[in-house]
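Heads up, the sequence shown is in full-length UniProt numbering, so the first residue is 1 and it goes up one at a time.
These are computed hints drawn from the structure, not numbers from a lab.
Just so you know, even glycine gets a beta-carbon here, dropped at the ideal spot from N, CA and C.
There could be a bad hint or two in this list.
[Said to hold, decoys possible] Restraint-style ranges between C-beta atoms, simulated for each label pair:
hint	residue 1	residue 2	range
1	Ile74	Lys19	18 to 28 Å
2	Ser72	Leu97	53 to 63 Å
3	Gln17	Ser91	38 to 48 Å
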Amino acid sequence: GLTCVFIFSFNMTKNKQIKYPCGLCLKNVGKGSQAVLCRAMCSKWYHLKCTTLTREDFRDLAKSSNRWVCDSCIALDVTVGHESETEDVNSDVTTELETQNEIIKTLNEDVG
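Please put together the full structure from these sequences, using the hints given.
Okay, here's the thing in structure tokens:
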């Protein structure tokens with residue numbers, strides 16, 4: 001019988017990995033994109049259309065030294081802010097307790 005052999009050639013190159021995925025839509029933020037960088041914890045790029053910024057806000061931001069922060073980092077910052085305040089209070093209480101313990105120790109030595 002007649003045998004047919006088919007040879008297929010596949011392009012085995014790896015899928016291009018997105019270097020700068022948008023923090024919202026995850027699509028690539030390329031050089032020509034109108035995009036803004038979050039200057040907080042995530043440091044992710046966002047397409048202008050994926051933010052609540054207007055074109056005018058975007059232009060003003062580009063001209064100024066102001067930093068833009070994404071909604072996710074704003075939400076996290078509230079939590080971080082409270083953690084920081086709690087740490088400060090804990091530190092103050094610890095210092096006060098150490099001071100009180102020193103006073104009690106001194107008084108006990110004077111009485112004893």
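A quick look at each hint next to the structure:
1. The hinted range of 18 to 28 Å is satisfied by Ile74 and Lys19, whose Cβ atoms lie roughly 25 Å apart.
2. At roughly 38 Å, the beta-carbon separation of Ser72 and Leu97 lies outside the given 53 to 63 Å, and the hint is violated.
3. The hint said 38 to 48 Å for the Cβ distance between Gln17 and Ser91, and at roughly 44 Å that hint holds.
Hint 2 from the list above is the single one not met by this structure.
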